[in-house]
Structure formats: C-alpha cells, structure tokens
Amino acid sequence: MGYLSTAIVHCMQCSGSKHKQGNNWMRDSLNLDSVVQPLALNPWDVVLCISGTIISCENAIVVAVIFYTPAFRTPMFLLIGSLAIADFLAGLGLIFHFAFVYCIRSQVVNLITVGLLVTSFTASVGSLLAITVDRYLSLYNALTYYSERTVTRTYIMLILTWGFSICFGLLPVMGWNCLKDVSICSIVKPLTKNHLIILSISFFMVFAVMLQLYVQICKIVCRHAHQIAVQRHFLATSHYVTTRKGISTLAVILGTFASCWLPFAIYCLLGDYTYPALYTYMTVLPATYNSMINPVIYAFRNQEIQKVLWTVCCGCFSSTMPFRSRSPSDV
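Position one of the sequence shown corresponds to residue 1 (my numbering), numbered consecutively onward.
Possibly wrong hints are sitting among the right ones.
What follows is a list of derived Cβ distance ranges for each label pair [unchecked claim]:
1) 155 / 276: 41 to 51 Å
2) 99 / 251: 37 to 47 Å
3) 218 / 71: 26 to 36 Å
4) 300 / 183: 38 to 48 Å
5) 144 / 278: 50 to 60 Å
6) 198 / 282: 18 to 28 Å
7) 156 / 198: 19 to 29 Å
8) 152 / 312: 27 to 37 Å
9) 282 / 103: 21 to 31 Å
10) 282 / 147: 39 to 49 Å
11) 180 / 275: 16 to 26 Å
Simulated from the structure, these hints should not be mistaken for lab results. On a predicted model such as this, the values are computed, not experimentally measured, just so you know. A virtual CB, placed ideally from N, CA and C, is assigned to each residue, including glycine.
Could you build all of it, start to finish, from the sequences and the hints given here?
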C-alpha cells in the first residue's frame, strides 16, 4: 500500500508555494506540485508495475482453473479462489497506479485506484487468515469437516473478509483522506495516519491469530504422525521425517507471510509523511511479493490444480475429470 503515495499526492497542489530547484527523480514522483510539470519516470514505479503484471497473470490462471472446473466447488478451493481474486485485483491496482500517475492525472480516478488497492490487499490478508482457520478446523474436526456446516462457515468467512475489505477501501473515496490537510497524511498518501494505523493494527491481529493457529496445527500434525507411526510400527526416523516435513511446510507459509508484510506494517506505525519516499518503496515492494508467492504456495502446489494445468497444456482439458478429495491441511 505504500506505493499509493505516488498515486494521489500528484493531485494535491499547494497554491502559492514556491518550487524547489534541483529535485531528484524520486522527489519529483512525490512532489505536491508535480501535476504541473511532466514527471520523470521513477524506477520504483516501473518495478511495481512489472510486479503487478506478474501478479495478475499468475492469479488469473488460478482463478480461471477454479472457475472452469466444477470439481473445485469445495470450501477449500473457494478460499483459494478468494485469495487469487484478491491478489489478481492487487496486481491490476499496481498497473493502474502506474498508468494513472504518468498518463491520466485525475484526482477521482486516483482515489478509486487507492480504494482498489486497499480493498484487494486487505482481502488478500483476510483470505490467508480464512485459509488458516479452514486448515485448523479440518484437522481439529476431521470427522465433521465434510458437512454442510463447513460450506456455510466458508461463505460466512468470505462475506466477512470481503465486507471488511470493501469498507476499508471505501474510506479514502468517501472522504477519509489527507487531500485538504497534508499534516494528517501518513507515509501512504492520501491515506491519513489514523487510517493506516487501523490497517496496521488489524494486520498484527491477523498475524497473531495465524501464528497461534499454526502452532496448534503443528501440535496436531506431530500427534497424528506419532499415532500413525505407532499403529503401523514405523521406525522413529520415519516419524521424525514426516513431522519435520509438515512443520517445515507450515514454517515456510508463515515465514513468507511475515517476511513480506511485517517490515511495511512496522514502518506504517513508526514512519511519518515527512520521511523519504525511498523508505516507503523499500518496505512496500516485499509486501507486493506476497501476492506473487501466494499462487505458488496455495495453488500450484496442489495436485488437483497441477493435473488441470497439465491437461490444459496438453490440449485435452475436461472440466468433469475426477479428483481425489483432499483435506485442506494437505494443500
């Protein structure tokens, strides 16, 4: 979201202020009066645009596969589809950001782009939380997981996730922005400091819940691996290998999420709108990579999705092809 700082700040012209001479390329990209003069191309914006293109392409494939395959109408794939849609919109938002900054300079259009980016990234994080909850419940209540109650719970989680995300995204559009008062701006212009604090605190709450759930998942996985080893008379080394593999997978998932988003979330709380734009770009770029990595972790590793992709590549796609039902914890 820090990359939004270039999306709106160009429209905040301060009449009567004196232009400073000799501004470098980065300061031109964030100058309040830059709407008057042509903008120098910011390399950071180019990188974000390229990232957005890759993100959109990756997640478009996931959305298409899930949408056109009736066998993927299960709660597990609905949540993965929600994550892919959120990341796909985030990628489009990055592309629109670049186009509107350097091609179409409209305050209304830029505010809509800000709302799209806030909504999409919030929905992405919310979908990751929903997937974590689903994985935990699939292990904790394994006997009752495949029931109508699970479907209902999935729809409720999706409604809550996208409902909160859209509300957060509408705030800048509905007037909660710093276009009229630069002093209340955050590092992510035109979001206000209070708005960004709420988003950051919400992220830390989501991260804390995910961390707790993955700890519980690790305990369940270890206990199940031990029970299977005892029942089947496996060697201790086999039990160790199985447990280590499960814990390593969970560590990669949680570690990737934390390494991508924590730097930006911390900087949102500590940073100020007067800080150099370089700091914002350096923390927001890893956050965008999370949307680039999500399809690999949650979709392309799934064997059923791999089968569909292979059949599409071979030109023999069949939307009614059978699949082996798997638990979300296997994804």
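Status of the hints after comparison with the structure:
Against the hinted window of 41 to 51 Å, the Cβ-Cβ separation of residue 155 and residue 276 comes to about 45 Å, which satisfies the hint. Range check, residue 99 to residue 251: Cβ separation about 38 Å, and the 37 to 47 Å hint holds. For residue 218 paired with residue 71, a C-beta distance near 30 Å keeps the hint of 26 to 36 Å intact. Separation of residue 300 from residue 183 is about 46 Å and conforms to the stated range, judged on CB atoms against 38 to 48 Å.
Restraint check, residue 144 to residue 278: a C-beta distance of roughly 52 Å satisfies the suggested window 50 to 60 Å. At roughly 23 Å, the beta-carbon separation of residue 198 and residue 282 lies within the given 18 to 28 Å, and the hint holds. Under the hint 19 to 29 Å, the C-beta atoms of residue 156 and residue 198, about 23 Å apart, fit the expected range. Remark: the range hint 27 to 37 Å for residue 152 to residue 312 is upheld by a beta-carbon distance near 32 Å.
At about 25 Å, the CB distance of residue 282 to residue 103 agrees with the hint of 21 to 31 Å. Under the hint 39 to 49 Å, the C-beta atoms of residue 282 and residue 147, about 47 Å apart, fit the expected range. Look at residue 180 against residue 275: about 21 Å separates their beta carbons, and that is inside 16 to 26 Å.
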